[in-house]
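S.K.: Residues per chain, in single letters:
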Amino acid sequence: MSARDEILGRVRSALVGASPAVEVPRGYRTRGDASVDVLALFAERVADYRADVVRCSPDEVEAMIAGALAGARAVVPPELGWHVPDAVVDTGLSALELDELDAVVTAAAVGIAETGTVVLDHGPGQGRRALSLVPDLHVCVVLAEQVVAGVPEGVARLDPTRPTTWISGPSATSDIELNRVEGVHGPRRLVVVLVG
Amino acid sequence: MSATFVGMPAFPEAARNALADAQLRGNLALATRTIRGKRLRVVGELPDWEELRLAGAALKDSALLSLDSSLERLEASLTAAGATVHWASDAAEACSIVASVARDHGVDEVVKVKSMATQEIELNEHLAAEGIAAWETDLAELIVQLGDDLPSHILVPAIHRNRAEIREIFLRRMADVGRPAPADLTDEPVELANAARLHLREKFLRAKVAVSGANFAVADTGTLVVVESEGNGRMCLTLPDVLVSVVGIEKVVPTWQDLEVFLQLLPRSSTGERMNPYTSTWTGVTPGDGPQEVHVVLLDNGRTRALADEVGRQALRCIRCSACLNVCPVYERTGGHAYGSVYPGPIGAILNPLLRGVGESDQLDSLPYASSLCGACFEACPVRIDIPSVLVDLRAKVVDAHRPSAKPEAAAMKAAAWSFGSGSRLGVLERASGVFGGLASRMVRRRSTSGRTALSRLPFAGAWTGARDLPAPPKESFRAWWKRTDGGRR
Chain A
1 MSARDEILGR
11 VRSALVGASP
21 AVEVPRGYRT
31 RGDASVDVLA
41 LFAERVADYR
51 ADVVRCSPDE
61 VEAMIAGALA
71 GARAVVPPEL
81 GWHVPDAVVD
91 TGLSALELDE
101 LDAVVTAAAV
111 GIAETGTVVL
121 DHGPGQGRRA
131 LSLVPDLHVC
141 VVLAEQVVAG
151 VPEGVARLDP
161 TRPTTWISGP
171 SATSDIELNR
181 VEGVHGPRRL
191 VVVLVG
Chain B
1 MSATFVGMPA
11 FPEAARNALA
21 DAQLRGNLAL
31 ATRTIRGKRL
41 RVVGELPDWE
51 ELRLAGAALK
61 DSALLSLDSS
71 LERLEASLTA
81 AGATVHWASD
91 AAEACSIVAS
101 VARDHGVDEV
111 VKVKSMATQE
121 IELNEHLAAE
131 GIAAWETDLA
141 ELIVQLGDDL
151 PSHILVPAIH
161 RNRAEIREIF
171 LRRMADVGRP
181 APADLTDEPV
191 ELANAARLHL
201 REKFLRAKVA
211 VSGANFAVAD
221 TGTLVVVESE
231 GNGRMCLTLP
241 DVLVSVVGIE
251 KVVPTWQDLE
261 VFLQLLPRSS
271 TGERMNPYTS
281 TWTGVTPGDG
291 PQEVHVVLLD
301 NGRTRALADE
311 VGRQALRCIR
321 CSACLNVCPV
331 YERTGGHAYG
341 SVYPGPIGAI
351 LNPLLRGVGE
361 SDQLDSLPYA
371 SSLCGACFEA
381 CPVRIDIPSV
391 LVDLRAKVVD
401 AHRPSAKPEA
411 AAMKAAAWSF
421 GSGSRLGVLE
431 RASGVFGGLA
441 SRMVRRRSTS
451 GRTALSRLPF
461 AGAWTGARDL
471 PAPPKESFRA
481 WWKRTDGGRR
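From first to last, the protein sequence lines stand for chains A and B. Quick note on numbering: the numbering used here labels position 4 of the first sequence as 4, and the sequence is numbered without any gaps. Quick note on numbering: the numbering used here labels position 217 of the second sequence as 217, and the sequence is numbered without any gaps.
This is chain B alone, in the form it adopts within the complex (with noise of 0.2 Å):
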């Protein structure tokens, strides 16, 4: 149970795979679309819609450009309920201190909470190495989890399976690590949630520690909260002696009050519900329920980095509700594997660079290019990060990062000014296409949607043409046209 995404290729390789993978594209289709029209009638619901983005947003941004009385706020205020606070500046660290909790306490299993968090740093692949198993107890990442797979989406991370491709995995898989899948287990999802009951609960029953992140941290109170569905959050958060909690830099906000914008914002726009089913709120020990023994490991992991990029850094609103992905034309025909990361989609094009930096690899600086940046995802995000914004910034980070050897995109950006700078050279550079236009219709391969003849690859424009198609120039441009026919009299 390894699978990772080092070594994923760039972006647009990464894409060509998943395109050619029709059950893919069919299973995302229809979850994309269903997740779109939930989402917009629970917003249409709300007048205020408008109004609780702009709180959301400036909510985020004050805690954000205050991080660090905000965390010495959230620090006190947790060691006062009862805590004990950890600060991980790295994966290693965060990994390590959760590891070594789980040893003082001798234990050879952790059960989990969904977390996007301890995905990020890889924690299951880490205890895995110190003889520490760590079961995922979300439907979806169980999942993920037994079918050797990798997360594609961040609220729903097996939105590629189909229900057949779940009741193989669970017939094949659960035996090896549990209680098995009933035998004559049908892919109806009630019998797919049920079998996930039975599997989960003797794991929960006997669990001593569990591993969660949080949605939100109150800097105030020290209050955490978890946002969820299933109730095997509340499982883990309630049923264990200890709870260790992953918890990004970026999720703490400033009071308790500021929860009743997030607890709106975020299930409508995430499951696309009024409120998800369950969403359970602690404030370090209660003595007599719950865990006795409350750990919060405060990660940076780049969010630092993130913080310092004057444009970038209102990614750090992301509240994780993956509206940006269900929106987007890209991800919904890509996938959410072809973006190498636990953060696809949009969030993940910008987030990804800005936490682990541009320059760094050429995975990483072709995120920035996995759009079209129509800007559905900025109309969607419920805190309003312009994504589009950043994107356009870090293409341009990306640039800077590869100088001095100029990019052809840039040449040709150069060539057009030249060109549309004097009608004369136009005019010569318009024959010149159209006799290119002429060559290109017998040497075509295929027509594009609009009925248009398309060229799907040019030899001199590899980058540009491999990920997308390109009309073949007329034979005749319209000023030649304009001039042979006497604007159409003739």
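Isolated chain A (complex conformation) (with noise of 0.2 Å):
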């Protein structure tokens, strides 16, 4: 008999007698409270992780980007939407040449206020995860729209079959003691860049 009937096999005979039916009780919040002002509460939660957060208009992007490189070697995705001047743009470059690179330049997906995260679907604008994962500082520019108050909000917009990417600050441990120490494998920097 193969593994997978064997398991399969007692799977069954342990549940013998068991009512498959339960009830999901969802009485949890789906939807933020409309008093709340998100983005103020995004921005205030992804500092509260020791990222910088700068907010803009539509037509600061590009030099909020600038600023925040301050002269770092940068990679940035195809089909970034804001010109990052002397950017490599990635054509698959492998992990050892993106650990040469100081900086990353994405877009996001999704933001969620009410815990501070950005997430990544790697469409557009945003690359491939290896890009947004190697270089030491990440640059993340969030459009207001993109905002929404709680976790359920945030994953009714995400698309199962995209692989995502949570990010909550910067790479951080609590394995020392277990106080958290920001600056382990991922990006060391993050900065989110908060449009409109």
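These are calculated hints, taken from the structure and not from any lab test. Where hints are given, some of them may not hold.
Unchecked claim - One side of the interface only, derived from the structure: several residues of chain B facing chain A at Cβ under 8 Å:
#1 Asn17
#2 Leu19
#3 Ser100
#4 Ser229
#5 Gln264
#6 Thr271
#7 Pro277
No residue lacks a Cβ here, since even glycine has one placed at the ideal position from N, Cα and C.
Got two chains here, each in a separate frame; can you build the complex from them with the hints?
M.R.: Quick look at the structure:
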């Protein structure tokens, strides 16, 4: 008998007499409180993780990116909607080549205010997953209309067939005496540019 | 690097050794106090925490109570997304599947994301025996691996180590397996984290095969989820060409939407953050992005045994957050090693016997007694596992497994029922107890924290008093005092 048949057989005999019908009570909040300013909350919660947050209007984005990079050598995905002077455009760089660069600039898919989270779905302007991982500084541009109040609204906006990366502050660890320390393997600095 | 839990003594003996280690107790008290405070703050922020717990418990139950069809759905959606699905009924099968994938690609090393399932099956030891090095990349796992040590906490396996010990391990061992630690390394956590970054980066950049677990597996879509902090998980899940994920069959959740519940419950319960720094989700193979060969090993290894236990099956809801460890008065004092398993603390006290069977070993059978039944674990559990009830049920099963030789505890309970059943019998026994109390106070060796004299060991009830201090009986019972003084009037 294959391991598959063996396991499924054991599951079925373990569940003899058990009722498979379970009612799931969904009494939790699925919509944010309308009186809350989600953009202000998002900015505050992202900053709580010791990420840098800058807010600007749509025509100031390129200046904000340049300010955050401060001359660092950056890689950008194809189709990033903003011009980054002197940036390398990703054409399938190897991990070693990415490791030679200081920074990456990407767009985002969703921002979640309550948890201070940016979600990338690695669509246009966001690049493949390695891009926003290997360089040490990540500048991430989030549009006001991408920001939702809570996790349920964020999950609803995402497509499960795409890979997603949820980012809440810079890389960190709590493994030494359970205190949070920023900066391990992912980008040690995160700058979120919130537009609008 | 072959530290193992095999041959660990039963809990009472292991706990006595741990309690004598003042450094360990200091490290644990500091760490658990810190994490309890953080958890309470972020859980308190959510007005709907109880509703989330109820939903989380019900969602896991709905997947578990139809686990056969949940797994068939998961398999079909994973396959449709380009992943190769393997089934492993025990640890040996799972290890040899992972080893054969590594061999097929001719590698002598793999990088690993922290994973309880791969610890449970002792994958690293198995791969080492086949000449394949498995590099742990989570900071705490690295500390444990370099220190030839055993994990003592689900979330923070090196919780028993303080910063000075970690510095010493890095300086002594990193050079043996790769880039050495900086010679001027201090015990500042920022410097220790940076030493790990430099040491592991060369391994990430050259690795061809990665091994992970998964926190959740979505049946409807075939999406796997890894929740982490450092970015080592993202490195392993993204950079190598080949990814093998070992996933316990209880990790399945019904739909993508259900993650809206678990991605709120898990980070707040585990690291005490609103959200952990990084969560990765992936669905099979994405052309041009990440590993182009994706394997998923669905692991039983005792989970179907636990599923067959009507009371105990709720333990399979566990999302490995470790909140129950941090609030447990027993865990806080003994640490994780005393439980003799990669699953320590209250959840380990039920999960280990449920996975491996009652009556199999004294070590396993001792675990359901490693609790004061205070109930703090149930209060903290984000998926409402009623650990105290399962503990009591397992104690009954342990007693049943050891019949016909009646336990002294059972005999004592019977005797108590007889004496409390009649006032005159109770009076006689109280007088006897008073005589004993007089003797005891003369031979007593210490006072309890309440200032009362305490007996630390009784010759005829060693199993009971070996792990507890018994207050010495007073010389005169309340009833005798009342009679002698006419209720205090004389």
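S.K.: State for each hint whether it applies.
M.R.: Now for the hints, and whether the structure bears them out:
With 8 Å as the threshold, the beta carbon of Asn17 (chain B) stays out of range of chain A, its nearest partner Cβ sitting at about 23 Å, so the hint is violated. Interface hint at Leu19 (chain B): violated, since its Cβ lies 21 Å from the closest Cβ of chain A, which is beyond the 8 Å cut-off. Nearest Cβ of chain A to the Cβ of Ser100 (chain B): about 14 Å, over the 8 Å cut. The hint is violated. Contact between Ser229 (chain B) and chain A, as hinted, is supported at the beta carbon level, the nearest pair being about 5 Å apart and thus within 8 Å.
Using the Cβ-Cβ criterion of 8 Å, the hint placing Gln264 (chain B) at the interface with chain A is satisfied: the shortest such distance is roughly 5 Å. For Thr271 (chain B), the shortest C-beta to C-beta distance to chain A is roughly 5 Å, which falls under 8 Å, so the interface hint holds. The interface hint given for Pro277 (chain B) holds, since its Cβ lies 5 Å from the closest Cβ of chain A, which is under the 8 Å cut-off.
Violated hints, in rising order: 1, 2 and 3; the structure is consistent with all others.
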